[in-house]
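**Student:** Quick note, the sequences are listed as chains V and A, same order. Every letter in the first sequence is one number past the one before it in the numbering used here, and letter 334, counting from 1, is 334. Every letter in the second sequence is one number past the one before it in the numbering used here, and letter 377, counting from 1, is 377.
Simulated from the structure, these hints should not be mistaken for lab results. Source: prediction; values computed, not measured. It is possible that part of the hints are untrue.
Stated by the list, open to error - Here are the simulated DSBU-like pairs of lysine-lysine, each with C-alpha atoms no more than 30 Å apart in a straight line:
id	chain 1	residue 1	chain 2	residue 2
1	A	K495	V	K107
2	A	K558	A	K448
3	V	K431	A	K495
4	V	K295	V	K266
5	V	K405	V	K431
6	A	K517	A	K288
7	V	K442	A	K96
8	V	K442	A	K470
9	V	K295	A	K517
10	V	K266	A	K362
11	A	K203	A	K380
12	A	K419	A	K380
13	A	K34	V	K108
14	A	K509	V	K358
15	A	K288	V	K358
16	A	K560	V	K445
17	V	K39	A	K470
18	V	K402	A	K8
19	A	K495	V	K405
20	V	K451	A	K448
21	A	K560	V	K431
22	A	K23	A	K170
23	A	K448	V	K358
24	A	K288	V	K108
25	A	K20	V	K51
26	V	K240	V	K266
27	V	K402	A	K558
28	V	K431	A	K423
29	V	K442	A	K509
30	A	K509	V	K451
31	A	K560	V	K399
32	A	K448	A	K539
33	V	K358	A	K34
34	A	K569	V	K442
35	V	K3	A	K288
36	A	K495	A	K517
37	A	K447	A	K423
38	A	K203	A	K115
39	V	K445	V	K169
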Amino acid sequence: MQKEYKTLKSIAGPLVLVEGVEGVKYEELVELTTPDGSKRMGKVLEVHNDKALVQMFESPQDLTTEGTKAKFLGKPLEIGVSQDMLGRIFSGSGSPLDDGPEIIPEKKLNISGAPINPYSRDFPNDFIQTGISTIDCLNTLVRGQKLPIFSGAGLPHSRVAAQIARQAKVGGDEKGEFAVVFGAMGVTFEESEYFINEFKKTGAINRSVLFINTAADPVVERIATPRLALTTAEYLAFEKGMHVLVILTDLTNYCEALREVSAARKEVPGRRGYPGYLYTDLATLYERAGRIKGKEGSITQIPILTMPEDDITHPIPDLTGYITEGQIVLSRALHGEGIYPPVNVLPSLSRLSPTARKITREDHEGVFAQMYASFARGLEVRDLAIILGESALSDIDLKFLKFAKEFESKFITQEENEDRSIADTLDLSWKLMSALPRNELKRLKEEHIDKYLNTK
Amino acid sequence: MDKGTIVKVSGPLVIASGMKNAKMFEVVRVSDEKLMGEIIELNEDEASIQVYEETTGIGPGDPVYLTGETMSVDLGPGLLTSIYDGIQRPLKSIEKEAGSFITRGIDVPALDYNKKWDFKATASKGQSVIAGDILGEVQETNLISHKIMVPPTIAKAEITDIQSGSFTLKDVVATIKDENGKSHELTMVQKWSIRRPRPFQAKKIPTEPLVTGSRILDTLFPMVKGGAGCIPGPFGAGKTVTQQSLAKYCDAQVIVYIGCGERGNEMTEVLIEFPELEDPNTGEPLMKRTILIANTSNMPVAAREASVYTGITIAEYYRDMGYNVALMADSTSRWAEALREMSGRLEEMPGEEGYPAYLGSKTAEFYERAGSIVCMGSDKRCGSVTAIGAVSPPGGDLSEPVTQNTLRVTKVFWGLDAKLAYKRHFPAINWLSSYSLYLDNVADYWKKEVAEDYAKIREEAMTLLQQESKLEEIVRLVGMDSLSPKERLVLETSKSIREDFLFQNAFDKDDAYTSHKKQYWILRCILSVYKEASKIVEKEDFDFNDLLSLPILQKVIKCKEIKPDELEKFEALEKEVTSAIAELGSKVN
Chain V
1 MQKEYKTLKS
11 IAGPLVLVEG
21 VEGVKYEELV
31 ELTTPDGSKR
41 MGKVLEVHND
51 KALVQMFESP
61 QDLTTEGTKA
71 KFLGKPLEIG
81 VSQDMLGRIF
91 SGSGSPLDDG
101 PEIIPEKKLN
111 ISGAPINPYS
121 RDFPNDFIQT
131 GISTIDCLNT
141 LVRGQKLPIF
151 SGAGLPHSRV
161 AAQIARQAKV
171 GGDEKGEFAV
181 VFGAMGVTFE
191 ESEYFINEFK
201 KTGAINRSVL
211 FINTAADPVV
221 ERIATPRLAL
231 TTAEYLAFEK
241 GMHVLVILTD
251 LTNYCEALRE
261 VSAARKEVPG
271 RRGYPGYLYT
281 DLATLYERAG
291 RIKGKEGSIT
301 QIPILTMPED
311 DITHPIPDLT
321 GYITEGQIVL
331 SRALHGEGIY
341 PPVNVLPSLS
351 RLSPTARKIT
361 REDHEGVFAQ
371 MYASFARGLE
381 VRDLAIILGE
391 SALSDIDLKF
401 LKFAKEFESK
411 FITQEENEDR
421 SIADTLDLSW
431 KLMSALPRNE
441 LKRLKEEHID
451 KYLNTK
Chain A
1 MDKGTIVKVS
11 GPLVIASGMK
21 NAKMFEVVRV
31 SDEKLMGEII
41 ELNEDEASIQ
51 VYEETTGIGP
61 GDPVYLTGET
71 MSVDLGPGLL
81 TSIYDGIQRP
91 LKSIEKEAGS
101 FITRGIDVPA
111 LDYNKKWDFK
121 ATASKGQSVI
131 AGDILGEVQE
141 TNLISHKIMV
151 PPTIAKAEIT
161 DIQSGSFTLK
171 DVVATIKDEN
181 GKSHELTMVQ
191 KWSIRRPRPF
201 QAKKIPTEPL
211 VTGSRILDTL
221 FPMVKGGAGC
231 IPGPFGAGKT
241 VTQQSLAKYC
251 DAQVIVYIGC
261 GERGNEMTEV
271 LIEFPELEDP
281 NTGEPLMKRT
291 ILIANTSNMP
301 VAAREASVYT
311 GITIAEYYRD
321 MGYNVALMAD
331 STSRWAEALR
341 EMSGRLEEMP
351 GEEGYPAYLG
361 SKTAEFYERA
371 GSIVCMGSDK
381 RCGSVTAIGA
391 VSPPGGDLSE
401 PVTQNTLRVT
411 KVFWGLDAKL
421 AYKRHFPAIN
431 WLSSYSLYLD
441 NVADYWKKEV
451 AEDYAKIREE
461 AMTLLQQESK
471 LEEIVRLVGM
481 DSLSPKERLV
491 LETSKSIRED
501 FLFQNAFDKD
511 DAYTSHKKQY
521 WILRCILSVY
531 KEASKIVEKE
541 DFDFNDLLSL
551 PILQKVIKCK
561 EIKPDELEKF
571 EALEKEVTSA
581 IAELGSKVN
């Protein structure tokens, strides 16, 4: 029999202090019942002798120090999972938002999960074709990777993410089913509707599970939302053998929720007021991507975050970049010029692409290196031209300048529903590079130049 | 067993009362799940414990058991080719026990105590020995002969019994009697506390370079065997790729690679790649000389703090056998963050950016455990530990405390540069800001083993690169036309140094490793163009494009494709350069 306590001492923001408790365990789930009978969930954040500090997952509104009852449930926060969750929409704390019935769980899982044993991991190397040239050619995505989109307020990151979710496919064999798990933290109603409609339009909704915490929902709920999404994804991937694409948006809101709890606890802050354990905490989300030896499924993560002031050195993108396997950075300047998708090629990176580039096409490695280097040089020349004027440039420099222009207008730019195959993307690259002097193509292998370069 | 009671749980920090008999840094078992923890603070009868596993479900009233031991590692045959977590639990056994996910309360031995090893006694009965003397050998892998030594704790003794044969790690292989007449039965395993450096007879000034096969590292900023270095850089600049290629190609005999708070997939990559890759120095699979310690970012934070000590203790153990060991820690910033997290929970007064005030001294202690030494034992054999730590400064800002504290104690600084990485110039090591303080140390070795004028050629290349950065400023302001032909030549040559010498593709199997001699020749050929051309550029009718369109220059660009066993081709190439440019010179006035 679980005891109920009526000894709430204080309520401060998302934190509730309960006194006189006995046998309470760290991370234990707590159910608080307000005097009018509504229930709120929270978890034990710290326990010291007979005092338990509880962090709420839901709004503390209507809680009272007199009359509210706290029940310690003796288990951590769990989610009941089942394959029937596909096609359903849930709130940020896991209750159904659509008209469907309650889920009858096949099993209950702790939402914190457990770290995957590095020894049991299988190295991700199945190339995922997204149909977006800047990703496929230059920042190749593979199954089991975590590749975030670093965006800014007002940039079309949702459209890019939806396009990836729509077009992503693995060349050749199609073993295992494909599923999308979507977790929204503190996004606007419109943004979440955009995704729901996108999924409905393409029929993808039937193989998707959505967890939606909008900006109007309680802030602290956001701490649980990505964990619910990832626990569901792990279940689908490693127990049901599905290839799961997890889209999380917006991690910046998640981190702010974390900061709120940390500030309420009066912890020593790290950079910009974020808690010192932000890195570790983010890692417990991002590291839940991957593949496991001997299991069919995989989890590929595309977290989206908006960089405050477009600042990539801000703690959130900074720490994320140290954990994830690369990043796709969106550029406000390109967006301003009307270029879609506005991928800022130079700071974007996919760490797992070297292995993926080996299996796409023989010339991919060289094309990748040459396209990057040439575009970088083109941009340098462009800077120079701004100061000195184009007339001061050498012929070779002018060629690179033109290359950079075409790179942006033909290679980066594509339609929102344009699904370019990797072969198309590579052929397009060769076409652009054919405008450069041959002896400047130092990163390409001679045999590939002979085979693919169309010199006309 | 002595026992206390938990009064507080806050994340990885547990406080227990009734701990009067506890010692600092003693290992304890927390709750009936027997989670491993270590005492980090004592206050009357209350002890603060950092717990190396998840503390979910632990609460006040649960017991804490004292063990009387300090945090230590098992040292013996079987370490090589293993992959451990931060507290030396083999991840392979954890998988067997618990499946693909790491659950807690798993207690597995660090070494396989049932496997039989062939022990060959090299000392004999009746012989008197001192601490560190070699009693016998075990062929651990075909690369490494594992020396079984008299433990450092026994100063002097006489062997009363020793036998060759096939033994498990539980079996006694030798019995020795110390000066006080006490008899010690020795197995092939030693236990050593991870926070205490293993002793040695003397430290030496290191003079032999650690050859890495990376052109920018070996030629411009050399590391020595027994040195300490750091690789700071923002994310995406290639810290891990650099660390991994060091682990692959450097000419140390044993590699300890610590993945401290980094990505799980990176460790998997090493695990898959190393057994397949050949060591360029011996031709054997790289895994046979490697020990991996993986405490990924989502594994318990306290074990991350311990992982670097576990790693360096193992490194010191192989050093004591007389091997050159290289240790890579990726990344020490995560280790520092683990310190910060524990310090915060202990409610200590924070120093800079929330890091504890003792961050500096802890960092220094760690890097000082590197060194070239004379081992314990009467044969005066030598060994070394080279420590190379990656640092991940937030936002790439090198003024932050972890980088600054590291720079104070390391002598090699390989500074990674995001701008170079954006241009995909790899390794993205900035040649202007990086340095090595070991240049004088390696001067003699270079002269003897590489070439008499290696240091001079390096100096020339460095000067050109320095000049280039100044000239680039001018070009940016007033354009290329304002430069004299001589200055243009400097720009062209340094461009060639950058693109044809410093640029190196770690993913291309031919390019990833360049021998020391070949490095010398590539650079020499590039500089020969400069030397010859500077004789003619100041002639009045000289046209720069004539020089650039010389076909021989294309050959110089591709000269790194010359096979390492055909070095004589470089000499021929250099002659061709001389004559081609001289011919051009004879045509102009």
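**Student:** Now tell me, hint by hint, if it's right for this structure.
**Tutor:** Now the hints, each set against the structure:
1. Distance restraint check for K495(A) and K107(V): the Cα-Cα separation of roughly 62 Å exceeds the 30 Å cut-off, and the hinted pair is therefore not satisfied.
2. Under the criterion of a C-alpha separation no larger than 30 Å, the hint pairing K558(A) with K448(A) is consistent with the structure, at around 28 Å.
3. Proximity of K431(V) to K495(A) is assessed by CA-CA distance (about 27 Å); at most 30 Å being required, the pair is judged to hold.
4. Under the criterion of a C-alpha separation no larger than 30 Å, the hint pairing K295(V) with K266(V) is inconsistent with the structure, at around 43 Å.
5. A C-alpha spacing of about 14 Å is found between K405(V) and K431(V), which places the hinted pair at or below 30 Å, so the restraint holds.
6. A hinted pair counts as satisfied when its Cα atoms are at most 30 Å apart, and K517(A) with K288(A) qualifies at roughly 27 Å.
7. Pair hint K442(V) plus K96(A) does not hold up; C-alpha atoms about 49 Å apart against a cutoff of 30 Å.
8. For the hint pairing K442(V) with K470(A), the CA-to-CA distance comes to about 26 Å; that is within 30 Å, so the pair holds.
9. Distance check on the hinted pair: K295(V) and K517(A) sit about 47 Å apart at the alpha-carbon level, beyond 30 Å; violated.
10. A C-alpha spacing of about 27 Å is found between K266(V) and K362(A), which places the hinted pair at or below 30 Å, so the restraint holds.
11. Proximity of K203(A) to K380(A) is assessed by CA-CA distance (about 12 Å); at most 30 Å being required, the pair is judged to hold.
12. Under the criterion of a C-alpha separation no larger than 30 Å, the hint pairing K419(A) with K380(A) is inconsistent with the structure, at around 48 Å.
13. Restraint check for K34(A) and K108(V): satisfied, since their Cα atoms lie roughly 25 Å apart, inside the 30 Å limit.
14. Between K509(A) and K358(V) the CA atoms are separated by roughly 13 Å; this keeps the pair inside 30 Å, and the hint holds.
15. For the hint pairing K288(A) with K358(V), the CA-to-CA distance comes to about 26 Å; that is within 30 Å, so the pair holds.
16. A threshold of 30 Å between alpha carbons decides the hint, and for K560(A) with K445(V) the separation of about 14 Å falls inside it, so the pair holds.
17. Distance hint between K39(V) and K470(A) is unfulfilled; the C-alpha atoms sit about 69 Å from each other, more than 30 Å.
18. Distance hint between K402(V) and K8(A) is unfulfilled; the C-alpha atoms sit about 66 Å from each other, more than 30 Å.
19. Under the criterion of a C-alpha separation no larger than 30 Å, the hint pairing K495(A) with K405(V) is consistent with the structure, at around 24 Å.
20. Between the alpha carbons of K451(V) and K448(A) the distance comes to roughly 46 Å, so the proposed pair goes past 30 Å and is violated.
21. Annotation: proposed proximity of K560(A) to K431(V) holds, straight-line Cα distance about 29 Å (limit 30 Å).
22. Proximity of K23(A) to K170(A) is assessed by CA-CA distance (about 28 Å); at most 30 Å being required, the pair is judged to hold.
23. Simply put, K448(A) and K358(V) have alpha-carbon atoms about 41 Å apart, too far for the 30 Å limit, and the pair is violated.
24. For the proposed pair K288(A) and K108(V), the alpha carbon gap of about 43 Å is over 30 Å, so the pair is violated.
25. Annotation: proposed proximity of K20(A) to K51(V) holds, straight-line Cα distance about 24 Å (limit 30 Å).
26. Proximity of K240(V) to K266(V) is assessed by CA-CA distance (about 43 Å); at most 30 Å being required, the pair is judged violated.
27. For the hint pairing K402(V) with K558(A), the CA-to-CA distance comes to about 27 Å; that is within 30 Å, so the pair holds.
28. Straight-line distance between C-alpha atoms of K431(V) and K423(A) comes to about 21 Å, which keeps the hinted pair within the 30 Å bound.
29. Among the hinted pairs, K442(V) with K509(A) is consistent with the structure: their alpha-carbon atoms are about 17 Å apart, no more than 30 Å.
30. Between the alpha carbons of K509(A) and K451(V) the distance comes to roughly 22 Å, so the proposed pair stays at or under 30 Å and holds.
31. Distance check on the hinted pair: K560(A) and K399(V) sit about 27 Å apart at the alpha-carbon level, within 30 Å; holds.
32. Distance check on the hinted pair: K448(A) and K539(A) sit about 39 Å apart at the alpha-carbon level, beyond 30 Å; violated.
33. Pair hint K358(V) plus K34(A) does not hold up; C-alpha atoms about 47 Å apart against a cutoff of 30 Å.
34. Only pairs whose Cα atoms come within 30 Å are accepted, and K569(A) paired with K442(V) is accepted, the gap being roughly 21 Å.
35. About 57 Å separates the Cα atoms of K3(V) and K288(A), which puts this hinted pair outside 30 Å; it is violated.
36. A distance of roughly 22 Å separates the Cα atoms of K495(A) and K517(A); the hinted pair therefore holds under the 30 Å criterion.
37. Simply put, K447(A) and K423(A) have alpha-carbon atoms about 35 Å apart, too far for the 30 Å limit, and the pair is violated.
38. Using a Cα cut-off of 30 Å, the hinted pair K203(A) and K115(A) is violated, with the two alpha carbons roughly 36 Å apart.
39. Between K445(V) and K169(V) the alpha-carbon distance is near 29 Å, which keeps this suggested pair within the 30 Å criterion.
Of the numbered hints listed earlier, those contradicted by the structure are 1, 4, 7, 9, 12, 17, 18, 20, 23, 24, 26, 32, 33, 35, 37 and 38.
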